[in-house]
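Number of protein chains: 2
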Amino acid sequence: MCAKSVKKTVPAKAKVTSKAKRTKYVYFFGADQSEGDVSMRTLLGGKGANLADMAGLGLPVPPGFTITTEACAKYYEIGEKALHDLIRAEVQAALKRLEKATGKTFGKGPNPLLVSVRSGAAASMPGMMDTVLNLGLNPDTVEAMIARTNNPRFVWDSYRRFIQMFGNVVLGVDHHQFELELEAVKRAKGYTLDSELMAEDLQDVVSRYRRMVKETKGCDFPTDAMEQLTLSISAVFGSWNNPRAIKYRELNDIRGLLGTAVNVQAMVFGNSGDNSATGVAFTRDPSTGEHKYFYGEYLINAQGEDVVAGIRTPQQITIKGSREWAKARSITEAVRKAQYPSLEEVMPKVFKQLDAIRVKLERHYRDMQDLEFTIEDGTLYMLQTRNGKRTAAAAVKIATDLIKEKLIDEKTAVMRVEPSQLDQLLHPVFVKSAEAKAKRITVGLPASPGAATGQIVFNAATAELWAKEGKEVILCRIETSPEDIGGMNVAVGILTARGGMTSHAAVVARGMGKCCVSGCGELHISYDRKTISCGKLVLKEGDWISLNGSTGAVYEGQVETQAPKLTGPFATIMALADKYRKMGVRTNADTPRDTARAVEFGAEGIGLCRTEHMFFEGDRVTSFRRMILVAETVKHLRQAIAACTDADADERARLESELAAPLKQYNQALKELLPLQRKDFIGMFKALKGRPCTVRLLDPPLHEFLPQDAAGQAEMAKIMEVDLAYIQEVVESLHETNPMLGHRGCRLGISYPEVTEMQVRAICEAAAAVKGSRPEIMVPLVGNVKELAAQKELILKTVAEVEKAKKVKLQITVGTMIEVPRAAVTADQIAVEADFFSFGTNDLTQMTCGFSRDDAGKFLGDYVSRGFYDYDPFQVLDMEGVGRMIEIAMNYARGVKPKLKVGVCGEHGGDPKTVAFCYKLGFDYVSCSPYRVPIARLAAAQAALRS
Amino acid sequence: MCAKSVKKTVPAKAKVTSKAKRTKYVYFFGADQSEGDVSMRTLLGGKGANLADMAGLGLPVPPGFTITTEACAKYYEIGEKALHDLIRAEVQAALKRLEKATGKTFGKGPNPLLVSVRSGAAASMPGMMDTVLNLGLNPDTVEAMIARTNNPRFVWDSYRRFIQMFGNVVLGVDHHQFELELEAVKRAKGYTLDSELMAEDLQDVVSRYRRMVKETKGCDFPTDAMEQLTLSISAVFGSWNNPRAIKYRELNDIRGLLGTAVNVQAMVFGNSGDNSATGVAFTRDPSTGEHKYFYGEYLINAQGEDVVAGIRTPQQITIKGSREWAKARSITEAVRKAQYPSLEEVMPKVFKQLDAIRVKLERHYRDMQDLEFTIEDGTLYMLQTRNGKRTAAAAVKIATDLIKEKLIDEKTAVMRVEPSQLDQLLHPVFVKSAEAKAKRITVGLPASPGAATGQIVFNAATAELWAKEGKEVILCRIETSPEDIGGMNVAVGILTARGGMTSHAAVVARGMGKCCVSGCGELHISYDRKTISCGKLVLKEGDWISLNGSTGAVYEGQVETQAPKLTGPFATIMALADKYRKMGVRTNADTPRDTARAVEFGAEGIGLCRTEHMFFEGDRVTSFRRMILVAETVKHLRQAIAACTDADADERARLESELAAPLKQYNQALKELLPLQRKDFIGMFKALKGRPCTVRLLDPPLHEFLPQDAAGQAEMAKIMEVDLAYIQEVVESLHETNPMLGHRGCRLGISYPEVTEMQVRAICEAAAAVKGSRPEIMVPLVGNVKELAAQKELILKTVAEVEKAKKVKLQITVGTMIEVPRAAVTADQIAVEADFFSFGTNDLTQMTCGFSRDDAGKFLGDYVSRGFYDYDPFQVLDMEGVGRMIEIAMNYARGVKPKLKVGVCGEHGGDPKTVAFCYKLGFDYVSCSPYRVPIARLAAAQAALRS
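Protein chains in written order, with our numbering: chain A, 570 to 1516; chain B, 570 to 1516.
It should be emphasised that the hints constitute simulated quantities derived from the structure, not laboratory data.
Be aware that a few hints might be false.
No copy labels: a pair is met if it fits in one copy or bridges any two.
[Unchecked claim] The list that follows gives simulated cross-link-like pairs (lysine-lysine, PhoX-like), each with its CA atoms no further than 25 Å apart:
(1) Lys1427 x Lys1204
(2) Lys1361 x Lys1427
(3) Lys1378 x Lys1248
(4) Lys1233 x Lys1427
(5) Lys1355 x Lys1482
Take these sequences, add in the hints, and give me the full structure.
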């Protein structure tokens, strides 16, 4: 058979077991005859179900039939031939019925029936799968059509289009080869435009097409209509698994479908003359959600593909729309009327009919619709309706409008907005027209959304300096490290040459809600020369660039931005979300500014305040480093002293005298840090206005606080007035093979109890200073209840001391982060000592899956694309694995302490799927970065409504 | 009060809740009056229970009373004063009874009662806690004693001893201070020996002691006997938690005890004249277990401490023993009889009585006893009996002898040998006398037991070269890496300057059963100069050294070794172990030689054959490296090709042509490796003679196979004829932040399926070549069932291909290692695809606890000593955490597949506690290094007998 070979791979999750009962694979639709309806979307696909439904509503739908998605699954299960054997009788019966309904005959006769063959899955995948139009044409039917329409140009053009589409889609002949033939004819005739081709030229094109196909494929272009149909059905089913479609489903998170349905529908022709047309329309504006006029475009004498192809300029449907369109393009009313009149003006009757259908469909589906229609010789036909895709702004606007219009209730409105889409509304964005005109340098990873425009700086110090002078800066680094925090904080955007979506830069930037583009491999950043080069372009310090953190685009120069609006429909939807959600939403924030922003976004407290970021600012890093330089010495000497027996009095004395100097430095450094930390917490508690604040004690390994590069070490040696060799020695001694599993978290607090004590004292003194503060002290990286018990004892002792000194009674609880698998499986023991749990899903994922976030890039992408994991487990919680670990921990913990407060912090807290999972497990709250708080609020509401 | 201050820390696990019922704290013992018996060991301690028991048996035991271990717990719970308030009445009543039993009066009267105050916990802790003898002496009782004994020297010497002991133990006065006073008197008199001191000199010493104590402590030495007793009881209770005792319990794994009991016993005096003596004895030889004669020592006119102190030479108990002793020292029979006569000769009647008691006690306790006795004026008193400590050789000898003597049954004999002790019997050891004479250079960590003597070499290549020439070499490295495997394999011993008990050198050496001393920090190894220096000593290549891997000692020169004997009593005990155990024991082995040895040690198959070691030998490392150099390129290009859509035909062609060269190199390297791997497996399968063999597919990250140092890289570049820069680039690209969580295990097999295929093909072809082979293919580091399913599909396909090509039917199963926490919590899914599970407890511990084995040294020692973990979790399975993870996995897995075969491999498989745990969970087998196989067999038998 003359068809493209099709891979017989079975699509994942699509195994269909044979049923004893005879299955119906073909469903007819058409006025009064529809066998399907809107509830059969899974079986008939969205398009098929809606066509049946529209026909049932009495709308003018060309009749046809749908071959089900189950047939598609069968196609992959039993193969192409067996599938056709299975459905042949049903297809033929449906064709008969179609001939009767249209009064035409398929592939022959004086009034030949032509059909379209289109894909249509349960989820919309526009343009991803194959379509064949004008099927049924062959030399005989062409002749009959010409006789009937007296429009040879239209018929030959239709035939040409059919051969081209079928040839490409079904037979696998390259587009390019068709274009060569068409060009040859045009060149011979001296034409430049397709529209110059006359009927006989098109007849020539058809002959050339058929010859070329025969030469390429070694067999004649099929003339038998039934053969054409059979091959086309196979091709559409086959296109379900073309790489483009697979990629689209992956990107749009479309899962668990059987396959696509195939819709075979009687052709109507928008290209049969000037009384014909074709168009697409939205019942409301899909980009703003506004309802000003009927939003859509059409073309006279055209087939559907022409509207999309961009060769001719589509015209507006309404007069109002047409005038606005012309105004934006400075087209005079006269020119508009002459060249781009609206459908309302050209075919007022048809327009009225279409407008009535619009209202009817929107009321019927209670949502904004995306329509396709064709007008054949003045008669309107509806070819498709579906819920229209829309921007986040449109989604909230439409949802709230539909409540007002009493089409939907509040709960439905809450379910209508996709939480992850909200991100679009929360960050500054580029003014669209400005971005379109900007000069793009490169595209990196969209690491943290939003738009930023600023002057290039190459280090944190310059960033801070320039920011103080009131400049807007973009911090450009090869990669960032914790030392850059200060600079990142003052920059308007961050750009890195290396590092993925979960690199330091990306994670911190998302936390700050700051625009970030990471991993721009094409950029060469030179710290020495202070330049960024990309190809021939070289930018230097102080030059302006602009970043689109939502797309990863990097632009030269300044691009105009606009601020997000958190009022209006957005505020309405968020208020409804809060009304219906039951789980709390907190934020991860480390500064008063982030805290204030998160509260503005609706955060009900802080779920994770990372105290280590506080050690990087200004002079305090010097104090902290001074402590680190002697910390290990202090620890070793103390251990040696503790090991002395009564008999070792001399040795003990020697060790104690040796300890004196480093211990003094150690205590001095902590003493310097105390007031600074206290000030930090005072700021946080003030911003929270009585909301709770989970403060995590020092977590990262100490080596992260020391410069790893020679230059940084030399600078540090100079500032601290110590030998460079000494610093190198400490850096060396702190080096770890697997820092993820190293000396960090509460292991530091156990080794250096004075650090815990200093932090707790700062928290308590701040709480005493700010009335109504509710700190919750969180001990990180606990794997063993005894670690928590030891730290808790120290914490409570310190709390009591401050309470006594300040003569106050503080509201303080002590809990732990569950992020080590051992903590999860011994959660019953740990719960006894903990006032609360917060699941640190980032590290829990790393240790549960055995994935180092820094290294997993080597295989994780592959794992996701092969379906080992449904999503990147660092983006969406791996529910099967890490989720089960959490469930095990929850069961153990709530088993001994049913009211234990449980939350989640970490990147996953802002992911809607994870939020739903946490709700199901009975979490008290989720915590996420400030900019994801609204997303979490909405996701939590939806989870509550779904359950 | 004039006492050393005692820390009031509550000992771990020793909290005793107050009971409403009145508790009895004091138990009397003595002829016909004993309130306790041998069953009350926990309450009365070993010494107290046995004293009561011996008295009950009618043996001559001086009467006394025991203050219980519960009182010790109370001491720590309620403090010293409250404890004495609690027990005072009982103590006074017991004293009254003791006065009556002895006819003496405590602290006064013409016949004063003196007592000893001794510690005695439920587990024996010889010499670790405090003892006070001669308590009750004061100026009045001294006078009375002199009047009564007419032996003023004896009485003043007793008083001197009492003040010295009490002063040190109870009052905390340094030993040294007493020595100074004694020396002063001796100097004044011109004496050199203590024995020259006359009664009046000793009286002078007593005066000086009392004055010195008063000056030092600021109060008089107590003369009131009751005060002396009260303070001594406190001191003994306090000594339970002295650092020495804590350390001893830690080292000897003594846990869960309440504390020590205190035994107050009427004094009998072995130092009251030449008709008095004191001694210790074992009922059989504790070092060989032989039963040739009554083994023990005694001293005339001495107190117990003198026997141990080593000032006088103790004499033998029997004539036979005495003659052997003299012969070994070339002492003539005449001299022996005159100076070192046996007890049998000196006091034949007492000897007979003692010998009868020996037989009685051994029959009573059905075990070898360790006795203490005193003879006062010709009367024998038994002061202690306990099960004697013994070497492993003695343990197996005694256990098998006792079966023959019908004192115990087989099961009891199996329980009598401590499994971990067997290690002593399995390795070559130094001839004791030779080791005693050898010159010790330094002491490192006892990384892998046994003794070795050989010539120093500094790299693997030289080791292999010299070994081929028949030399015995010791490989000396700063640290070892996988590249050194070949050299380690041929060396008789391994010495490293860096690295702990679980360093590469230590782990590999233990696996090979090869002697290893690691972490000798004092040694400076120079590869350039080919020298080891330690202080002033410099050794060069070819010099002889000797290592004791059981103690960590390193000696200069050759030290004579002897081979282990696996026959006789050892074989008997092992046969009994096999008779009673129910769980299988396999071995971890990678070479035919190790396999053969393990089979000799009783291994029932291989539980873990690591294939990566096979890639290091000889030329194959070059082939493997050639593969690595292009592996990533091949992977990237393939991914890019797979991502091409139909439209990208040109790009695809370009990528495919780019792929050709690296793919050729990749396939060529694998082709070279196949026959080499096949040969490895043939050797293994032959050595196994039909026993099963679990083969783990390639596991470590690829970077481990490339040299990380500049010199190695340069050499590799030269051998491979490629640019050094290219190699550096590949090394760089393979670098990982956390290699433990990186691109390794089955992740490699997924990225490079041809490697899996090559390995499986080699296994299958080897199995086809060796009849009866039973390979079990193990996929490492599975975290997700889909990884296993993908690898399994590839494995089964390859198996089928080989079966077809070789026309055989192979017995092959496919299973996985459970070492990632995610695998444990999704074990129900994984079990569906697996024929067997093997728990890889090393990595499971790392990921469950979040401990990097390479880095955890920074805090783990501290964690164990603080009791956060009972043992180092890399030595003994952390049952609470990792154990629970395993239990969860077992429940999930056996829930869906009740007969799933489950084993454990990794370091823990040879630890007796872990073996017992695995048996309890229903494991089918444990697998451990060859030299631990007997240990595991015995531990498994004991676990079965205990349950």
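Alpha-carbon proximity context of Lys1361 and Lys1427, limit 25 Å: between (40 Å within a copy, 22 Å between copies)
Within, between, both or neither: Lys1378, Lys1248 at alpha-carbon 25 Å: This pair counts as within: shortest intra-copy Cα distance 20 Å, inter-copy 75 Å.
Alpha-carbon proximity context of Lys1233 and Lys1427, limit 25 Å: Result: close only across copies, 23 Å inter versus 46 Å intra.
Lys1427 and Lys1204: within-copy, between-copy, both or neither at 25 Å Cα: Answer is between; shortest inter-copy Cα gap is 10 Å, intra-copy 38 Å.
Same-copy or cross-copy closeness of Lys1355 to Lys1482 [CA-CA at most 25 Å]: between (34 Å within a copy, 22 Å between copies)
Comparing the model with each earlier hint shows no violations; every hint is respected.
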